[in-house]
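S.K.: Residue strings, one per chain:
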Amino acid sequence: MKKYVLFIILFVLGLQTVFAQEEETKEKDKPVRSPFESGYLIDNQTTLVPVEGTLEYVIQHKFGTMSNGMTDLYGIYSPGANIRLGLNYVPIKNVQVGIGATKKNKYTDLNAKWTILEQTRENTIPIAVSLYGMVAVDGRNESLFGSGKIVDTKGPTLPTQIAFNDRLSYFSQIIIGRKFTDWLSLQAAASFTHYNMVGWEYDHDKIAVHFNGRIKFSPQTSFIFNYDIPLKIKDISEQWEWTDHPKPNLAFGVEISTSTHAFQIYAGTADGIIPQDMVMWNLNDWKDKGLAIGMTITRLWNF
Amino acid sequence: MKKSKFRFLIYLSIILFTGILLMAFTLPQDKKTGPAWEIPANYKAMKNPHADDASLTKVGRMLYSKHCKSCHGAKGLGDGPKAASLETGMHSFASADFQAQGDGVVYYQSYIGRDEMPNFEKKIPDDEDRWAIINYMRTLK
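Chains as they are written, first to last, in our numbering: chain A, 1 to 303; chain B, 1 to 141.
Bound-form chain B, shown alone (with noise of 0.2 Å):
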């Protein structure tokens, strides 16, 4: 009786911490995304200079490193170490529907920014650079 009451508790105790545990990996997926952005023409029109510029794959990924991980995620998926402080949800940019969007579009939200996406502009004012980390967001799918 009394053995199997120590056993008892034992299975409780185990399945209690693998909760625990497993909550730790849970993400905070249930944050709303912000509205849909409004870009301005001309930055929708903008074409990608260097889309094709191999040379610049490291640079991208360096800067996208530097600059962007933190909250986006290694992989662009939005689970950085600050997004848990965010009230944004971040959108994936290994999503088809992040990746259809023009290259226009993603530097307008990569660069210009809105609320809590902060711009960019002084932090990367080379222009060639800016577009090197879009390429690399372009690999992320």
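In isolation and in its complexed conformation, chain A is listed as follows (with noise of 0.2 Å):
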């Protein structure tokens, strides 16, 4: 863990001093143009916020893995498809709250997204920085959840004692991001996750490191890829030993973008959607069969 927080905090410096260099003092310093075409890279967030007065209607979709192959048309077929509909409100310069509903595990969302820093056109300002954190509630009948209630003897948690707190779990991100030349642009981003409640074999805190961005080939097409790494931390875990630890989601695709629509599609191993769920039970591999067919689409609206 420790060496990839260094590693995050010596990019992040390294990047200042680099082009603390090239800086020049204007008299008014620009955001970059578009670093990324939406608010969305396939189930990751970047530090795009749209213009204040901006309505954003998403829909994602993730198909079943394609380990059957033609048997279930890659998995097109297959179920375990998930999907998310979000609306996203930008209420203020740079702040965007968000709300979605999705099919696996009945989650309800409410989200949030701050851009506190825009890279600048003359680097005054070298990187974007972005704050991401969503709550969710997970919305399926009591008899279906694990146990995983604190107690003394490792019995069962039974149906009438889940509460509504036990319900919940959070995401927590931080997103660093620059827009390299007009056809690259990366990002780097660590966050923490919480569950209130788990089984007894799982953790109820993950930390995970996102690496991802899109290189734009034509005026509207962007080939996107995305990697999140939940960590293996000791010092946080519950366990003595990693059983079921949560696989890494790798995910790359296409992005075409216009005037008001992002549309994404791509491959990717997490059946979840949302970040949490993503980061602490995805078990699909992506180096045994694991990869999903799945689509993002934005539609945006201005008022």
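Just so you know, the hints here were simulated from the structure itself, not pulled from any lab data. Only true hints are included.
In the DSSO-like style, the derived pairs of lysine-lysine whose C-alpha atoms are separated by at most 30 Å in a straight line are:
hint, chain 1, residue 1, chain 2, residue 2
1, B, K66, A, K30
2, A, K93, B, K123
3, A, K93, B, K122
4, B, K82, B, K31
5, B, K66, A, K93
6, A, K289, A, K106
7, B, K123, A, K28
8, A, K28, B, K44
9, A, K289, A, K234
10, A, K30, B, K58
11, B, K44, B, K31
12, B, K58, A, K93
13, B, K122, B, K141
14, B, K123, A, K30
Need the complex rebuilt from these two chains, each delivered in its own frame; the hints are there to steer you.
M.R.: Next comes the structure, spelled out in structure tokens:
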């Protein structure tokens, strides 16, 4: 873990020293033009927040895994598909609030994003920094919950003992991004995930690091990729050994963007869509036929 | 006899298919364009402050293809993929009449808009970006 944190800090500091040398004091240094085309990058967030007064509707869909090949048309016919519908609104500059509903675990989520710093054209600010947070409520029937309450004996938790608090999960993330050239934008992020209730053999907390970016190859089309790594940290684990430790989420695809839409089609591993679910529960492995086809579609309205 | 009848049928079908194929390339040019624009005086008087800024060439091209191309077409002829579903015909950006208009007039038409031409003030909030697109439209003649 320390290695990763150190890496991120060095990466950011390194950027600053490199670009500090080129700094010029101009009268007005405007933010760079569209570091990303959308606030979404596959199933992660970018540092981009649309102009204030924008309402964004997002459809995120993932099919089942491609593990059965042609039999179920590479996951399109297979069970295990997941979908999230979300609405986001930008009430003030660089602050976005959102609400969403996800099929898996009947999650209902509230989320917010605040872009604290925007990268500027003259490099007076060399990077963009955003904070992203999400609270989700697991809306399933009580009987479907695993046991996991901290009690004296390892007995199962009875459905009647499940309180509203037990359904909550939290995700918080700091995202650092930079548009390097017209065609290359990269992001690194670190996140903390907490579930109020998990099964006995799992952890309540998980720290993850995220790397993603886009490589633009035409005015409207980009190659996009994303890699989320849940870290194995003994210090915050409640287990003696790792059983079913979540697997990294690898995804790559293509983004096509227009004035009001971003359309992303990709192949990725996590079956979850909300970030805490991907960090905590993903067991699909891209090295073992774990990829599934997915799509993210956004539509913007301005008021 | 039988052979010539068969040949006739072949010729007929070739002509029919060619006709159908060619129809696919016809443009819906018969659509009526809107009435003359009423441009407020303050827009008419606008001058392009970035007219000679070569650094905006790429920006203009990128933004044009993101915001304008789907209706106005890659070369501004008004033949983009969404053009067919519009009720109003579009003036070609390549025409002399269009290019003869002042910068402020094009600015008003492009960003304030009317009817089917949407307002782009919120989509393209930066003034420099707006002029970059106009610079690009000026190259389409």
